[in-house]
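Go by the hints and put chain B onto chain A.
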Amino acid sequence: GESVGLHLPTLSVQEGDNSIINCAYSNSASDYFIWYKQESGKGPQFIIDIRSNMDKRQGQRVTVLLNKTVKHLSLQIAATQPGDSAVYFCAEMAWSWGKLQFGAGTQVVVTP
Amino acid sequence: EPEVTQTPSHQVTQMGQEVILRCVPISNHLYFYWYRQILGQKVEFLVSFYNNEISEKSEIFDDQFSVERPDGSNFTLKIRSTKLEDSAMYFCACTSPTGEYEQYFGPGTRLTVT
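Each protein sequence line maps, in turn, to chains A and B.
Numbering-wise, the first sequence is residues 1 to 112 according to this note's numbering.
Numbering-wise, the second sequence is residues 113 to 226 according to this note's numbering.
Same shape as in the complex, but just chain A:
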């Protein structure tokens, strides 16, 4: 069936380095993609999103890249900080205000 999945379950990053989290999706009809951050005991928190008509979108210290040819999504975090330690999920949406289909999650651990 169609699915969204993450390549790396755990990513260890040194403080100050850049982080890259990858995500593969298989539903070519998906129109909207979001990255969420989830800290322990909390709900998913929006980081950044991108529409299917875009290849790149930048936010504050974060960049999302979308490669529709290979159905790949990535999240880049610049100058990773201890507060960035969390589980990161990619999610896709096939139509406006529809359900979000989440990937498996990547645990990011920032070391001093």
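It is possible that part of the hints are untrue.
What the hints assert, rightly or not - Straight line, CA to CA, 20 Å or less: simulated SDA-like cross-link-like pairs of lysine to any residue:
no.: 1; chain 1: B; residue 1: K190; chain 2: B; residue 2: G128
no.: 2; chain 1: A; residue 1: K68; chain 2: A; residue 2: P112
no.: 3; chain 1: A; residue 1: K42; chain 2: B; residue 2: S199
no.: 4; chain 1: B; residue 1: K154; chain 2: A; residue 2: E39
no.: 5; chain 1: A; residue 1: K42; chain 2: B; residue 2: H122
no.: 6; chain 1: B; residue 1: K154; chain 2: A; residue 2: P9
no.: 7; chain 1: B; residue 1: K154; chain 2: A; residue 2: Y32
no.: 8; chain 1: A; residue 1: K42; chain 2: B; residue 2: E214
no.: 9; chain 1: A; residue 1: K68; chain 2: A; residue 2: S96
no.: 10; chain 1: A; residue 1: K42; chain 2: B; residue 2: P219
no.: 11; chain 1: A; residue 1: K42; chain 2: B; residue 2: T119
no.: 12; chain 1: B; residue 1: K169; chain 2: B; residue 2: S199
no.: 13; chain 1: A; residue 1: K42; chain 2: B; residue 2: Q123
no.: 14; chain 1: B; residue 1: K169; chain 2: B; residue 2: Q126
no.: 15; chain 1: B; residue 1: K169; chain 2: A; residue 2: A29
no.: 16; chain 1: A; residue 1: K56; chain 2: B; residue 2: E214
no.: 17; chain 1: B; residue 1: K154; chain 2: A; residue 2: N27
no.: 18; chain 1: A; residue 1: K42; chain 2: B; residue 2: K169
no.: 19; chain 1: A; residue 1: K42; chain 2: B; residue 2: G128
no.: 20; chain 1: B; residue 1: K190; chain 2: B; residue 2: E214
no.: 21; chain 1: B; residue 1: K154; chain 2: A; residue 2: G41
no.: 22; chain 1: A; residue 1: K42; chain 2: B; residue 2: D198
no.: 23; chain 1: B; residue 1: K154; chain 2: A; residue 2: S85
no.: 24; chain 1: A; residue 1: K56; chain 2: B; residue 2: K154
no.: 25; chain 1: A; residue 1: K42; chain 2: B; residue 2: R222
no.: 26; chain 1: B; residue 1: K154; chain 2: A; residue 2: K68
Claimed, not checked - Simulated coverage check for chain B against chain A, where a stretch passes if three residues somewhere in it have a Cβ under 8 Å from a Cβ of chain A:
no.: 27; region: 148-156
no.: 28; region: 213-226
Hints listed in this document are in silico derivations from the structure and should not be mistaken for laboratory results.
For glycine and all other residues, C-beta sits at the position ideal for the given N, C-alpha and C.
The following block gives chain B in isolation, referenced to the frame of chain A:
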């Protein structure tokens, strides 16, 4: 900044009992969702709700589940006869009908079925 709230934060119930999980979405939002997350797993969609009716539901959302918006502020998820496998974090989310499609999530209710 407006936020989604959920009560209770933790609910412990015995198998076979009914539970109601409550959510207060952001006030001007019109699309509402329930998701669940079994410990250590990904977030799974349960149901979406718009204009006082279900828009979409997953296979998980069987006859034991129901949703309701009893007044202008609350959005509830009811599980009629809980099973052990219903133990999970349940998240409410909402989104505005205009502008971006970002879904705002609540802090979740941890449901433990014993």
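Does A:K68 pair with A:P112 here, judged by a C-alpha cut-off of 20 Å? violated (35 Å)
Original post:
Taking 20 Å as the top limit, are the C-alpha atoms of B:K169 and B:S199 close enough?
Top reply: holds (19 Å)
- Going straight from one Cα to the other, do B:K154 and A:E39 come out at no more than 20 Å? Within the cut-off at roughly 13 Å; holds.
key: Restraint check for B:K169 with B:Q126, where alpha carbons must lie at most 20 Å apart   = Measuring from Cα to Cα gives roughly 25 Å; hence the hint is violated.
Satisfaction of hint between A:A29 and B:K169, Cα-Cα up to 20 Å: holds (19 Å)
- If you draw a straight line from the CA of A:K56 to the CA of B:E214, is it 20 Å or shorter? Since the Cα atoms of A:K56 and B:E214 sit roughly 17 Å apart, the hinted pair holds (cutoff 20 Å).
ask   = Would the pair B:K154 and A:Y32 pass a check requiring their Cα atoms to be no farther apart than 20 Å?
value = Holds. B:K154 to A:Y32 sits at ~19 Å (cutoff 20 Å).
Checklist entry - Hey, A:K42 versus B:G128, does the alpha-carbon distance stay inside 20 Å? => result violated (27 Å)
(Q) Hinted pair, alpha-carbon criterion (20 Å max): A:K42, B:D198. Please report holds or violated. (A) At roughly 19 Å apart (the allowed maximum being 20 Å), B:D198 and A:K42 satisfy the hint.
query = Does the alpha-carbon distance linking B:K154 and A:G41 stay inside the 20 Å limit?
reply = holds (14 Å)
Check the hint pairing A:K42 with B:R222 against an upper bound of 20 Å on the C-alpha distance. Roughly 10 Å separates the two Cα atoms, so the pair holds.
Query raised in the report: Taking 20 Å as the top limit, are the C-alpha atoms of A:K42 and B:K169 close enough?
Result: violated (24 Å)
In the structure shown, a violation is registered for the earlier hints numbered 2, 14, 18, 19, 20, 24, 26, in ascending order.
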